[in-house]
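With the hints as extra help, turn the sequences into a complete structure.
Chains B and X, in that order, give the protein sequences. Residue numbering for the first sequence follows the numbering used here, beginning at 1 and increasing consecutively. Residue numbering for the second sequence follows the numbering used here, beginning at 1 and increasing consecutively.
Hints in this document: simulated from the structure, not taken from any laboratory. Since the model is a prediction, treat every value here as computed from it, not as a measurement. Keep in mind that a hint or two might mislead.
Cut-off 30 Å, straight-line C-alpha distance, at most; resulting in silico cross-link-like pairs (DSS-like, lysine-lysine) [what the hints assert, rightly or not]: (1) X:63 x B:331; (2) B:192 x X:117; (3) B:331 x X:101; (4) X:53 x B:192; (5) X:117 x X:56; (6) B:331 x X:117; (7) X:101 x B:419; (8) X:63 x X:117.
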Amino acid sequence: MSAPLPKRLWQKFERSRVGRSIFRVGLPESNLERSQAMVSSFLLHMQPAKVNRHSLRASYSFGLGLISLYLFLILVGTGVLLMFYYVPSTERAYDTMKDLEFVVSAGLLMRNMHRWAAHLMVLFVLLHLCRVFYTGAYKRPREFNWVLGVGLFLLTLALSFTGYLLPWDQLAFWAITVGTSIASYAPYIGPKLRYLMLGGNVVGQEALIRFYALHVFVLPAVAGLMVAIHLWRVRKDGGLSHPNEPGDVVEQVDLGQLPTNKTYGLMELARGTTLQVGQNPDDEVFSWPHLVFRELLLFLIVMAVVLFLAIFWNAPLEEFANPIHPPNPAKAPWYFLGLQELVSYSAFWGGVVVPGLLVTALLLLPYIDRKRQGVGRWFARERRVAITIFTVCLLAAIAFTVIGTYFRGPNWGWQEPWKRPPPAAEGH
Amino acid sequence: MNEATPNKDLSRRGFLEITFGWLAATFAVAASAIASVRFLVPNVLYEPSLLFKAGKPDDFPEKSVTFMEDERVFLVRQGNTFRCLSAVCTHLGCTVNRTEKGYHCPCHGSLFDDQGKVESGPAPHPLPWFLVTLSKDNRLLVDKSQTVLADKYLVV
Ligand code: HEM
Ligand code: FES
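Written out as structure tokens, the structure reads:
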């Protein structure tokens, strides 16, 4: 049976002089070529030639980290396009948003994709964090990767927050006014921090250009670099966590212990943990095609979902920012509404102490909870205490967010969503 | 010095090199960090001035509270006394609205009485009163950078 036409054409190209110069290894036919394909390509070599079957199981990781990565890439792509029209000036920003919506070809689509992918990214990074927690994947030797992850989570929120101001509509203006005021409650440095963030005392042109520089360059660059280190660490820490990991990994070879009557290759002296340590070769499959095609499929799904959302739902754009009339109630983006709900009780406790403690606890978690039991399994019995504490905090965060989102009406008063007057009557 | 038996003691030269090396490196890092942060703190603001003229005293009716949108303040006149109350909520900076008895913030529901004192809600401080004086050309002059006690009036 001969191969289908596209494949034959591709192979013809691949074997030509030009093809050979680009792809050193063509579509792999043998196991050797499958390994070579992974190692010789820039994009593929970040991944091992072979992976553990357990890592491929969708029900283990749910691909949540990968989905976060894809959303980040979609955001970079659509964001760069938006930059060709957007002008970070208080006079023109709002108009350029309107242009994107009504004048620029596919402008509405790009803006919608950017907005929905941003919301999804916050959601999926959080889900990924939960997955890593519930499978105990932050334990040795992955403690530092968890810390990097917490950094990425905060960066994701910062990216969202800085992007939120850019349309310069009512929502943007008041969410940033409220959000930066929360920062000014921090002891000692609070007011200075707000001044630094806004480049002044009020949300105005200086604040807009600062948020813009952070949003389109500083934060994405830092996040991109950190994602790269994060993925590198996933590999260096022995691939995804799995239940049969050796209890203790060789962290470093003690040079003094080695016989001196032979020479050593670098590989023998480098850190001991590799994918292979303590693994049964039968548990491993070739990354090409098993991993690579799953990854491609997942990308298609993520892209399809974002496109679907962007085609059928428009990103909101309220009236032009008006520093005199806050909308009633003035609400932050949904992922900050739990925080805003806390802040409505007390700005210092709710806005500074509680979130500060939560972030500190997240950062220290892998260094406090050090027992290696239950790594690589969802909801392991042995981790009952840690799981209970985490779940309680998570549920509380969800509860506050739901209250802030659905149960707060005008004047931040309690209002059941089913009793809400029709939108026209609310009146801003 | 012989390779096989490295001399553990630092020579005077090595000591100086190391000390100055570290000093120079620390200084360079600290100086660039300080310069970068200092760079980000603006020296000139293009914000509206905190000092503004509210108008002639007689522009305001005898017993009145006038909201001045652009300045986000309330100008309070009682008889021939003038005071100026901030309209910026001390909680998180929304603009408060006037009610029958006082002021109300739409963002998280703080309530203030007509003296700016917090009656309920998350606002941590009362609304501040600003210094009101009379300018040479007989206009009310409000200085939003100077707060005064609620019982300080300008009598015209
Ligand atoms: C921008 C955000 C992030 C991206 C793009 C990202 C990406 C990834 C990817 C692609 C993986 C491979 C496994 C998988 O797909 O689940 C992974 C694993 C991992 N991530 Fe993230 N991640 C992000 C945020 C986080 C956060 C918030 C945490 C936790 C605080 C975290 C901690 C970890 C850990 C510990 C692993 C190893 C898991 C294991 O070995 O089972 N990451 N990440
Ligand atoms: S800003 Fe006024 S109550 Fe929060």
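Outcome of the hint check:
{"no.": "1", "hint": "X:63 x B:331", "result": "violated (36 Å)"}
{"no.": "2", "hint": "B:192 x X:117", "result": "holds (26 Å)"}
{"no.": "3", "hint": "B:331 x X:101", "result": "holds (26 Å)"}
{"no.": "4", "hint": "X:53 x B:192", "result": "holds (28 Å)"}
{"no.": "5", "hint": "X:117 x X:56", "result": "holds (28 Å)"}
{"no.": "6", "hint": "B:331 x X:117", "result": "holds (25 Å)"}
{"no.": "7", "hint": "X:101 x B:419", "result": "holds (28 Å)"}
{"no.": "8", "hint": "X:63 x X:117", "result": "holds (20 Å)"}
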